[in-house]
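2 protein chains.
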Amino acid sequence: MPLTVRDLSESALLERIFPRLARAEAAVVGRGDDAAVLAAPDGRTVISIDTLVQDKDFRLLRENGFATTGYDVGWKCAAQNLSDINAMGARATSLLVSLTLPGETPVEWVEALADGLTDAIEQLGATGCGVIGGDLGGGTEIVVTAAVTGTLEGRAPVLRSGARPGDVVALAGTAGRAAAGLALLESGTDIEDLGEEELGLIATQCRPEPPLEAGPEAARAGARAMLDISDGLIRDAGRIATASSVAIDFDPEALSELARPLRTAGRLLGKSPLEWVLGGGEDHGLLAVFGPEITLPPRFTAVGSVSAGTPRVTVGSQAPASIGWDHFAH
Amino acid sequence: MPLTVRDLSESALLERIFPRLARAEAAVVGRGDDAAVLAAPDGRTVISIDTLVQDKDFRLLRENGFATTGYDVGWKCAAQNLSDINAMGARATSLLVSLTLPGETPVEWVEALADGLTDAIEQLGATGCGVIGGDLGGGTEIVVTAAVTGTLEGRAPVLRSGARPGDVVALAGTAGRAAAGLALLESGTDIEDLGEEELGLIATQCRPEPPLEAGPEAARAGARAMLDISDGLIRDAGRIATASSVAIDFDPEALSELARPLRTAGRLLGKSPLEWVLGGGEDHGLLAVFGPEITLPPRFTAVGSVSAGTPRVTVGSQAPASIGWDHFAH
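One line per chain: the protein sequences are B and V, in this order.
Per my numbering, the very first residue in the first sequence carries number 21; after that it's consecutive.
Per my numbering, the very first residue in the second sequence carries number 21; after that it's consecutive.
Heads up, a few of these hints could be off.
A pair counts as met if it fits within one copy or between any two copies, since identical chains are not told apart.
Derived pair list, reagent style EDC-like, types lysine to aspartate or glutamate, alpha-carbon separation capped at 20 Å [to be verified]: (1) K76 to E161; (2) K76 to E30; (3) K291 to D213; (4) K291 to E273.
Hints are computed from structural coordinates only; laboratory data are not their basis.
Use the sequences and the hints to build the structure in full.
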């Protein structure tokens, strides 16, 4: 029998978690008081909150035997929160993590979650960021909520509302990989039968890698609008279109390029790779809009253009539905 | 059949929630982007996170027919988070609220939760504070997490570690009322049979009223240590004692005074009111330590004293156990 959460007091569990957590450089007062105090050198704090729920946002164990580890959940929690700060053109400074844990959760699983948080922060390049506070409690299912803070380092935040006709739409990071990975997991395909390319897609689903340098770089380069792709290119581009009152058209060639690494998985499952690119979230790529005169920052690739007109998103000037994309299916 | 969460899209549900939420004055960028941006005029942000879980921190319906309303949960969520900011001597500036909701949750319950958040912010006096962001998702039980931010307005934060021998220990707000209210709810006593005094105790359990002016006032008056009482006088005083390396002794007369309004409930349930005062949390009163030369701010009453010695908490120089307090029972 593994040691479980109910075998330990709250303070004993915290003693096992704390040493595994990265320290936040911006902490004026760290963990252990009623609240933490965070430096905000430019007089502003960027802040967001995001939750992962067992059997909704991750499955502990799938029918094909694939187990989501605590490490994966910790990594994903950090990644998706850090991505929200990135999408404002800011640099993450701290996380506060609230864990709701059933008594039967193995302590090892929780320790792995702490390791996943720390490794995501370090390996994704969120230098100086750390866990500054948290909360621990019981429940019937695992719920992991993180609040994340960031600093704009004196820059203006990059909102969704600044796109103008004539602008270039560009992507940093990937699109559709996490959705293809999820489809592979849900297909019940035996993990043993998958090749390296497919395992890579599953890895993107479990441990997404938002391009954390790209957000501040885009802001410095003068990006006029930006968000992180969490619900798919079409939906998320639609949010920029609506907020900016512009039309966005994607370049079919660029989308084909994004779909290329998903072809084998598509053949295996009998699915269209383009569907994953258009509708899949969770890679946490950055979609940014730049003026036509701007040289795109190194991590960005042009994928579309902005024009005047009723807010809408098209692909090669065609409605997504006409190329087989059904938004109700996503 | 009431309208439930699963009958509405996420955006339709948000449209019902947003108009009910107070706006944060410190919002540079408010809701609707990847993250919010909060003003931090003195270059620091105080921050904390706290979670309420159905059937752990609140029961939707008790055997005696007492239903915890969405309003109560919203109020309590705001109150306990605002209290953490208060306990640092700071003023709350914003909340971010993440809701995990089963599909069968009535939309009315969620709307009432939003009203409870807003009313707590306003009626407890957290002027200028509002809900600056959030997250919405599904689960099998209701989980409400809030992150809260605050500003020190240029003051030093009041930590737990500054108490010195000779200092006075003082309390703002109440102690033991919420615990007595919970005991009444758990006793199965018919609500109809309870008098106004007992209903008042239940109200403190469901809608605690942390004294939000008292934290900044204590900081301005020079409080050397402070925390909010969430686990009872003995345990929470023990945290100051440990962090400050001092001994704390409570004045039995002052504790009797705190127990007085709990006597009827104690008689009804055959319990000692003093137990509730010593071991009960959730009133979110403030326990602060002042130098002996300080005139206590108006909301504070002296309840004990600090002396040199091994960190410990006594009542009239006696160990709490010797007066019948069993910390394992709490």
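How the hints compare with the structure:
1. In this homomeric assembly, K76 and E161 come within 20 Å of each other (Cα to Cα) both inside a single copy, at 10 Å, and across copies, at 12 Å.
2. In the homo-oligomer, the alpha carbons of K76 and E30 lie at most 20 Å apart only across protomers (15 Å), although the nearest pairing inside one protomer, at 26 Å, exceeds that limit.
3. For a Cα distance limit of 20 Å, the shortest separation of K291 from D213 inside one copy, 18 Å, qualifies, whereas the shortest one across copies, 64 Å, does not.
4. When the C-alpha separation of K291 and E273 is checked against a cutoff of 20 Å, the pair qualifies only within one copy, where the shortest distance is 19 Å, while the shortest distance between copies is 75 Å.
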